[in-house]
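Go ahead and model the full structure; you've got the sequences and the hints to work with.
Chains A and B, in that order, give the protein sequences.
Quick note on our numbering: the first sequence kicks off at 1 and runs consecutively.
Quick note on our numbering: the second sequence kicks off at 1 and runs consecutively.
Bear in mind the hints are in silico, worked out from the structure with no lab data behind them.
Check before you lean on any hint, since a few could be wrong.
One copy or two, either will do: identical chains are not told apart, so a pair holds if it fits within one copy or between any two.
With a cut-off of at most 25 Å between alpha-carbon atoms, the simulated PhoX-like pairs for lysine-lysine come out as follows [what the hints assert, rightly or not]:
1) 367 <-> 235
2) 273 <-> 21
3) 347 <-> 367
4) 114 <-> 376
5) 376 <-> 347
6) 522 <-> 97
7) 150 <-> 339
8) 274 <-> 11
9) 367 <-> 236
10) 296 <-> 388
Number of protein chains: 2
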Amino acid sequence: MMTPLENERLKYQPRIPAILKNAANLAAKESGRNTVSAELKAAFPHIGSAERVTFVEGAKKQEKPLKVGVFFSGGQAPGGHNVIAGLYDLLMTLSPKSELVGFLGGPSGLVDGKAIVLDEEKIALFRNQGGFHLLGSGRTKIETTEQFEKVRKVIEGMNLDGLVVIGGDDSNTNAAYLAEDFAKREIACTVIGVPKTIDGDLKTEDVEISFGFDTAAKVYSELIGNLGKDLLSAKKMWAFVKLMGRSASHLTLECALNTQPNIALIGEEIEEKKKTLQEIVKEITDVVVQRAKQDKPYGLILIPEGIVEFIPEFKRLIGHLNTLLAEGKGPEQLDEEGKNLFYLLPKVFQEQLTLERDPHGNVQVSKIETERLFMKLVEEEIKRRGEKVSFSPQPFFFGYEARASLPTNFDANYCYGLGMVAALGVSLGMTGRMAALSNLYLPAEQWLPNLAPLVAMMGFEMRKGERKGVITKALVDLDGDMYKHFVNVSSKWKFEDRYLCPGPIQYFGPETVTDILPWMIKVRR
Amino acid sequence: MMTPLENERLKYQPRIPAILKNAANLAAKESGRNTVSAELKAAFPHIGSAERVTFVEGAKKQEKPLKVGVFFSGGQAPGGHNVIAGLYDLLMTLSPKSELVGFLGGPSGLVDGKAIVLDEEKIALFRNQGGFHLLGSGRTKIETTEQFEKVRKVIEGMNLDGLVVIGGDDSNTNAAYLAEDFAKREIACTVIGVPKTIDGDLKTEDVEISFGFDTAAKVYSELIGNLGKDLLSAKKMWAFVKLMGRSASHLTLECALNTQPNIALIGEEIEEKKKTLQEIVKEITDVVVQRAKQDKPYGLILIPEGIVEFIPEFKRLIGHLNTLLAEGKGPEQLDEEGKNLFYLLPKVFQEQLTLERDPHGNVQVSKIETERLFMKLVEEEIKRRGEKVSFSPQPFFFGYEARASLPTNFDANYCYGLGMVAALGVSLGMTGRMAALSNLYLPAEQWLPNLAPLVAMMGFEMRKGERKGVITKALVDLDGDMYKHFVNVSSKWKFEDRYLCPGPIQYFGPETVTDILPWMIKVRR
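See the structure below:
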């Protein structure tokens with residue numbers, strides 16, 4: 001059963017790049033430029049030399065029907081269903097006898113060959129809708145020889161001309177390895193990736209933003225903005241808001257620019273400045289105390305989910321603990337620096353660090369309730385200073401509630417376009433590339449479709465003791481325009497109350513409210 | 001600084017009841033009916049006989065300019081600023097020389113005479129906006145003789161013809177005592193209450209709903225609906241969602257009908273059926289286990305904030321603990337039933353019950369993290385049963401993030417209308433009444449303005465050892481249409497996945513998405 005708004009959204013026609021209106025006439029134009037390192041080329045001999053491809057109008061081709069598979073990988077991001085809609089629609093435009101199959105439950109669906117045929121009827125009710133539930137998703141990694149073998153069998157058994165992987169950095173890394181494997185074994189299946197993650201850390205010069213980021217940031221900003229007004233009205237609560245985004249602080253930065261909190265911690269800055277936990281706590285406490293003395297015993301602070309991993313001493317502590325725990329030892333065996341930090345932590349967090357471990361026996365960093373940790377430490381620091389000020393903190397975590405929400409117009413358009421580009425990529429046999437649209441600051445009609453080589457996004461990292469080519473996570477660029485803009489404007493937020501309330505995402509009405517560009521795109525311009 | 005959506009909302013013209021377009025010609029018409037008990041009449045000799053008043057067209061009166069004071073009381077609710085806008089606009093229509101003053105920071109502003117003059121310029125930027133920050137709010141209770149004396153001095157000093165109290169049941173109880181006091185002392189200041197609370201527990205036959213409830217429920221429903229899609233996509237998480245609403249489960253019921261979770265706990269039902277904590281935990285566990293066995297190791301449960309106070313044995317435990325702790329004793333002195341329950345609780349909750357106490361030394365029920373308590377107990381129950389099923393719960397609490405949000409069209413219209421009715425009430429000298437609009441299921445133009453006597457909403461309760469007339473909290477009516485509807489439809493939700501995703505509140509576009517009536521009104525029809 002669909003709600004009135006979901007029903008209305010079914011009618012939305014995504015705006016598409018003008019050039020894609022003549023997709024059947026498009027030919028690939030290689031850039032003539034390849035910046036991939038020799039080491040990566042050696043690791044990917046078959047796809048490492050792939051160039052960035054744009055599209056030019058050519059003669060109308062006689063298209064043969066294509067059979068294409070698609071799956072979602074990893075956490076949900078708003079707009080995923082539109083990738084499938086765009087992919088399907090363009091495949092049908094190119095040749096109405098084409099076929100699209102969707103693998104169920106993420107990469108494991110591909111490995112096990114669990115798939116359904118996606119036709120108009122199946123897709124119809126998912127256009128412009130949230131979630132990944134048309135196919136489901138999962139986090140299986142395709143790594144072992146056995147898995148690769150199974151995938152090949154599925155691809156060959158189904159006779160797939162193309163495979164579209166909708167996922168984040170890990171999933172697209174996987175896509176590159178699949179593309180390499182297929183090319184090496186002369187399996188004529190073109191692999192195209194699609195950049196998905198609300199975290200925003202899958203981003204290159206060609207891929208300006210990952211899909212879902214815009215919507216997630218706007219849902220969080222709605223809630224943060226509401227909290228700002230609440231604080232201003234009641235004047236007594238400090239809201240400690242943790243935001244999703246473990247490896248990078250893009251969401252926190254984007255939401256900060258949307259809502260103007262008193263403080264926003266940016267992990268990358270903390271790492272760069274090598275701040276200690278105590279330094280951060282002291283800085284927050286300074287603001288809390290000074291505001292309280294200005295008759296403002298309230299405030300708003302944004303904290304990225306992954307903050308502790310950006311604090312060098314904390315990262316070190318976690319590393320040491322992992323080693324000790326694996327050896328059956330305890331925190332009392334930590335070195336002095338480690339002990340100092342560990343025993344500084346309130347008891348409940350000491351327990352979180354030592355008791356809750358993942359299946360590999362490692363500390364579960366994502367289980368550390370950072371928002372509460374900072375609340376507690378600030379409280380203790382106020383006490384330590386002997387300050388008699390009112391401090392009434394409240395923890396918030398905004399994460400899951402935005403991953404499957406209805407996509408904004410921006411994400412609906414962007415995803416639909418990405419799906420179309422993926423279809424073009426398959427039809428032109430441009431394997432080992434990621435569907436991309438650039439010039440996103442312009443109206444959708446002027447966006448530039450292109451295909452970005454996956455290997456060009458990679459670097460080498462140690463994985464399970466081996467040097468492996470993986471897509472590099474894009475962190476907040478401290479020399480970039482967006483961060484610089486944040487630094488410029490945010491200095492006034494600490495003591496003045498400049499909270500902004502963006503309100504809920506709008507789908508109707510003036511474009512000034514329905515088509516607000518994300519800062520990640522706006523500031524880049 | 002205002003955001004694009006806030007700016008667009010400034011332009012919204014609230015829809016008003018047709019009869020209020022001729023407000024200057026309206027006369028009060030008493031109902032001729034008074035159902036107030038003799039005991040209450042004795043407690044309120046001057047206002048206890050006030051009747052419900054509707055409005056009829058009469059001759060145009062020569063209005064004298066009025067001076068009116070207004071303040072917010074208690075927690076924020078979306079639409080508060082529109083009450084002030086409607087009040088101001090109608091006062092100006094009745095006589096442009098009228099004056100509106102706003103007391104700052106809630107009831108304490110009235111006691112201390114802290115006020116600002118509210119003119120068009122001051123109000124302009126708050127029309128249709130969220131929050132209470134034009135005036136701020138507070139929770140001071142006006143109870144002592146000294147406070148009453150101060151209030152009288154302020155009222156007389158300012159020469160106020162009227163006082164409008166925007167608040168919940170406690171604040172409107174206060175309004176009744178003020179009205180009685182003024183009438184007794186022949187202070188010519190008309191007191192009018194306005195029904196505010198997102199909890200929805202201020203409600204009578206005349207007052208169909210409190211303002212802010214609709215918006216808050218829709219904000220929570222947006223998030224819960226998003227979670228539903230997330231669960232369906234990832235198929236691995238149980239979302240334990242706690243919702244604001246301590247004394248009544250209206251918000252949980254409203255959100256349940258909006259989003260169709262697997263389980264929604266309704267406090268009133270639990271109390272009626274005298275369920276124990278263990279019974280509730282067993283019922284939830286049954287669903288969790290059965291779903292897991294159906295390959296659905298995920299689910300969605302809504303829990304009202306005040307749930308533990310509805311569980312008879314828990315209420316008893318809290319009462320006993322309060323007594324024991326006051327005597328310097330500990331939980332080991334509880335009787336057997338109390339001990340059984342107390343030691344059944346996970347340790348962290350035992351600590352929450354004994355360590356965190358309010359300034360009066362009482363257990364802080366609102367600090368108990370019920371969503372986590374149920375997660376933990378269900379986990380233990382699964383273990384106890386020896387079931388080998390996957391159970392991965394995640395806690396959520398949706399509360400503060402909706403109290404100050406932009407009001408829906410419904411709340412914007414309703415609040416503006418309530419403000420107009422309050423102005424009429426003052427101009428007609430109808431003291432001791434609450435501004436009300438009935439027939440809310442009809443288009444706003446057909447709503448019926450009226451003034452409902454405050455004393456008629458009261459009952460007697462023990463307060464600080466004394467029998468005192470207070471406005472009775474409206475709980476979920478287990479014989480009412482809305483609860484019955486819920487019982488009817490919700491039986492299928494447990495094992496089928498019927499999650500609904502209402503999406504964000506819309507302000508533009510078709511009325512089917514911008515003007516969705518709350519269930520509280522819709523089902524009543």
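Structure-based check of each hint:
1. Proximity of residue 367 to residue 235 under the C-alpha cut-off of 25 Å is restricted to the inter-copy arrangement: shortest distance 20 Å between copies versus 31 Å within a copy.
2. Proximity of residue 273 to residue 21 under the C-alpha cut-off of 25 Å is found in neither arrangement, the shortest distances being 49 Å within a copy and 63 Å between copies.
3. Taking the closest pair of Cα atoms, residue 347 and residue 367 come within 25 Å of each other both inside a single copy (15 Å) and across two copies (19 Å).
4. Taking CA atoms no more than 25 Å apart as the test, residue 114 paired with residue 376 passes in neither setting, with 48 Å inside one copy and 35 Å between copies.
5. Taking the shortest Cα distances, residue 376 and residue 347 sit within 25 Å of each other both inside one copy (11 Å) and across copies (19 Å).
6. Taking the closest pair of Cα atoms, residue 522 and residue 97 never come within 25 Å of each other, the shortest separation being 40 Å inside a single copy and 48 Å across copies.
7. For a Cα distance limit of 25 Å, the shortest separation of residue 150 from residue 339 qualifies neither inside one copy, at 48 Å, nor across copies, at 58 Å.
8. Proximity of residue 274 to residue 11 under the C-alpha cut-off of 25 Å is found in neither arrangement, the shortest distances being 51 Å within a copy and 49 Å between copies.
9. Proximity of residue 367 and residue 236 under a CA criterion of 25 Å is satisfied inter-copy only: 16 Å between copies versus 28 Å inside one chain copy.
10. In this assembly of identical chains, residue 296 and residue 388 lie within 25 Å of each other by CA distance solely inside one copy; the values are 14 Å within and 51 Å between copies.
Of the numbered hints stated above, those contradicted by the structure are hints 2, 4, 6, 7, 8, listed in ascending order.
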